[in-house]
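A.B. asks: Please take these sequences and the hints and turn them into a complete structure.
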Amino acid sequence: MAIESEVLVIGGGLGGLTSALAAAREGADVRLVSYKQSTLRQASGLVDVLGYTPDGDGPLTDPYEAIPSLPETHPYRKVGVQTVRDALSLFDDAVPTYEGEHTDTNALLPTHGGSIKPTARYPAGASAGLASDTRDTLLVGIEEMVDFDAPHVAAHLDATGVPFDVRGETIRFPGDLRADAKVTRYAKLLDTNSEVAVRGRMVPAREALAQRVNPLLEDEERVGFPAVLGDDNPGAIRDTLSDHLGVDVFEVPMGPPSLPGLRLEDALFSALDEAGASIETGNPVVDFDGEDRIEKVFIEKNGAKIPNSADQYVLATGGFVGKGVESDRDGVYEPVFDCHVPHAADRYDWFEGELFGDHEFARYGVATDGDLRPLDASEHNEFENLRAAGSVLGGYDFAAEKSGSGVSIATGYAAGQRAAQEAR
Amino acid sequence: MGPTPHIAVIGGGSTGAGIARDLAMRGLDVTLVEQGNLTHGTTGRMHGLLHSGGRYAVSDQASATECIEENRVLRDIASHCVEMTGGLFVKRPEDSEEYFQKKLNGCEECGIPAEVVSGEEARAMEPHLAKDIDKAISVPDGAIDPFRLVVANAASAQEHGARIETHSKVTDLIVESGEVVGIEVEHDSGPGKRVHGTEGGTEEIRADYVVNATGAWAGRIGDMAGLDIEVRPSKGVMTIMNIRQVDTVINRCRPKGDADIVVPHETTAILGTTDEEVEDPEDYPEEQWEVDMMIDTLSELIPMLDEARTIRSFWGVRPLYEPPDVGSDDPTDITRDFFLLDHDERDDLPGMTSIVGGKFTTYRMMGEQIADHVCGKFGIDADCRTADEPLPGSEDFSVLRDYMDEFGLRSPIGRRSVERLGSRADDVLKTDGPNPTVCECEGVTRAEIQDAIEGSGSDLNAVRIRTRASMGNCQGGFCSHRMASELHSEYDEPVVREAWDELLQERWKGQRHALWGEQLSQAALNYALHATTQNRDQDPADGKPVDFSAFDSGRGQTGGSVDSADVAADGGTDGY
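Top to bottom, those sequences are chains A and B. Here the first sequence stands for residues 1 to 424, where the numbers follow my numbering. Here the second sequence stands for residues 1 to 576, where the numbers follow my numbering.
Source of the hints: derived by calculation from the structure; they are not laboratory data. Check before you lean on any hint, since a few could be wrong.
Unchecked claim - Mimicking DSSO-like on lysine-lysine, the simulated pairs with C-alpha atoms at most 27 Å apart in a straight line are: (1) 430/B with 182/A; (2) 36/A with 182/A; (3) 509/B with 323/A; (4) 256/B with 102/B; (5) 36/A with 323/A; (6) 296/A with 36/A.
Unchecked claim - Non-contacting residues of chain A with respect to chain B, defined by C-beta distances greater than 10 Å in every case (computed): (7) 6; (8) 83; (9) 90; (10) 280.
In this text, a Cβ means the ideal position worked out from N, Cα and C, and glycines have one as well.
C.D. replies: Rendered as structure tokens:
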């Protein structure tokens, strides 16, 4: 007999988690299955809604205002502005450690490469680093950490025209971590606040770190570190550092593996768990039964194919990065249900000659109707009880628009909520 | 002997660098100019095969004999650039037995050690060979790093007093009283490029003799003095796999044809190639079918290539030349031999010789002959020493020491760094500060990057060819900003940003030809990391100023705490 639920969500990234959460809060019996680690560990942890229009206008101050003018194929147009707002409310409620809900206006955050980017929600740990805040800033890099060169980041930030003075200093991190230690090692040391040797004396790691930074601080009113300040206790670590330094402390989001991304993932999984959904991670969906309706899917576990059946399904397996959309020399496809992915026949039309050109591949994904149900080549629903959410959707270039998290949350919310309503 | 003659060498590929080294070692004053980076032209766009000569053993025995001779020399003087992989000429059932025998006999006639192995033995050596391969001939083919080799030649030339100018394009030949007396070059104005002359200006370099070693570009140089040098550029595609499907060079044993070789190279395998005449060595089509043909045809030898991940493709142009009276229609018929065109004898224009044709494997021999020729002009009697003196990095060196402990590096990274650096490992890897890994794919540490910056300035593509950083699976997605940061202590931020962009664009160019499957996922990730996470596609530092006061400045501070006048006064430093 199959494992049964009302709503089965496939995918454990931002789209899948939001979808499952929305469905569970709607009262449905929800099951979420995900295979690999989600792409959240590769994301900065910032929640962008819309930073630029598809024409490249921006940075936009009000993302909601621009949504009605997006192309009709855009996922935001399928769900509408109000749904985007409602979805973000759900997010704000589920992840209270994030800020930005006090305004519709985008924030500008410094990036680890030294640019700034528009975003709608940011972790509390990043909030003292906002680029519109005029307080002078010291950035602190760690000698061994090649992803964040503080003097370089500071010089680049200055070139963006930020309204404050910014300086970078590099320190040796206390505790003798090896030159190529993973960011999680730094986080762990600060989480546990283990004692480290400083000039022959044992000092707790947080204090030791503050001691290294203190003499470098001039008249700056805030200090930014790369995002390594703890995995389990980031707030407490920041507080300790702030107390010792006498200024606000913030983190600059980083590339993979991203602690803010992992913290966000943890927060959403907890919220989902609290909402009563059942969760299974680590096993792929490899097959399904059904023609017009999906009857059941099969999850491969230790070589066995375990049937899971539900009334409604949500496909939230990601885009090219998450492998929810795949390709070979002959074409582009969606590997779980083989939903149609519109794409150019000639592979050389998928991309442009410039790195940041208007790449078609960046918009590849399944096309849907207004109810987020995938469409086949002749614009009929692939399955009557399947909806799609997040990066598996086509029709938008999240990288260029800075809309990835927003689309995942908004379409996840819409798909999850509608699936739950239909299943009842 | 009078004053030391000054020789200007045009072209910073293997031939030019080899000539410069040879002449400098014989005590002549040498200036080498190259329009781009070292290896910018054909040399940087080859498959890295160190020929045993087996490839030419039937069609061109003179070339084959030269190849095996130079193969032995390079193993000796350039050991840190060479990996003796061995090679196999494999025969499929449909390939001719007669040709197989000819190849075997040809190898013997040319002094190339060759041995027949059965299909089973070949598969024991290379398990991914097709099940139906009949048999093979094993030969001493190898892999060679053209970048490392040319850089080492240039470094050696410098040690012997030569001046090496990259990013310096020849804009004219100076002809006075019917004689070539120098060159006019334009130095690229980019800050940090290696400029000894006037930064960003033109320079007249007077020389007693000029050597045109520009390969496929030789005709362009000739045009400047009204000379007709009929180089026939022929393009070939190479496709790079993300892993080594084979550890031996695999050649197809048949007369000639496209897509018949796989060369294991560092962490990758390189599939080659085609041979198609083009008009312009810098502007020719790079097409999908060429890449597809590499994969489809070579899958007949190594079936797993069909499903394997490619990381990029690139095209190179051979500087083929044949004397005017031959007139081959098919570029594959044109000899791989090289020709020394003394323009005094040939065109009544003294002061310059061009060298055309030839092969990478015999670059040193070509250098020797040109140097002999030039020395002859000046009555200089100096022996060639390039076959005996090891290149910098390949001096007496033991790879058996425990570098991992000594340099505090994890084992695969330590081993690879030391292999790349050869005898320079001590100098480069012993640093005071921590030495983290900057490029994970290729295991390149900060110390190596810093060493390359010292040698090549702010040009990150020059750093790349010296270290291999950004040449692995991720194609710079994870390391390009780290490499840029390594420049920052020495160079201003706008210079760093430009170098970073240049590197990323260069990496993208080749990757475009591999955009399906895993590499398309990788490209999508790289695009997301740079555009989404870093906003590098809309970087305000490169674009228009931002009104910061219009954006969220934090809870309780909505409406902005900056007034616009401040923003304007403190506006960006560049881009508008």
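A.B. asks: Now look at each hint and say whether the structure bears it out.
C.D. replies: Results of checking the hints against the structure:
1. 430/B with 182/A: holds (23 Å)
2. 36/A with 182/A: Roughly 20 Å between the alpha carbons, so the hint for residue 36/A and residue 182/A holds.
3. 509/B with 323/A: Measuring from Cα to Cα gives roughly 24 Å; hence the hint holds.
4. 256/B with 102/B: OK: residue 256/B and residue 102/B at ~13 Å, within 27 Å.
5. 36/A with 323/A: holds (10 Å)
6. 296/A with 36/A: Status holds; Cα separation ~21 Å.
7. 6: holds (33 Å)
8. 83: Nearest chain B Cβ is 22 Å from residue 83/A, so the label holds.
9. 90: holds (20 Å)
10. 280: Residue 280/A clear of chain B: closest Cβ-Cβ about 24 Å, beyond 10 Å.
Violated hints: none; the structure is consistent with every hint.
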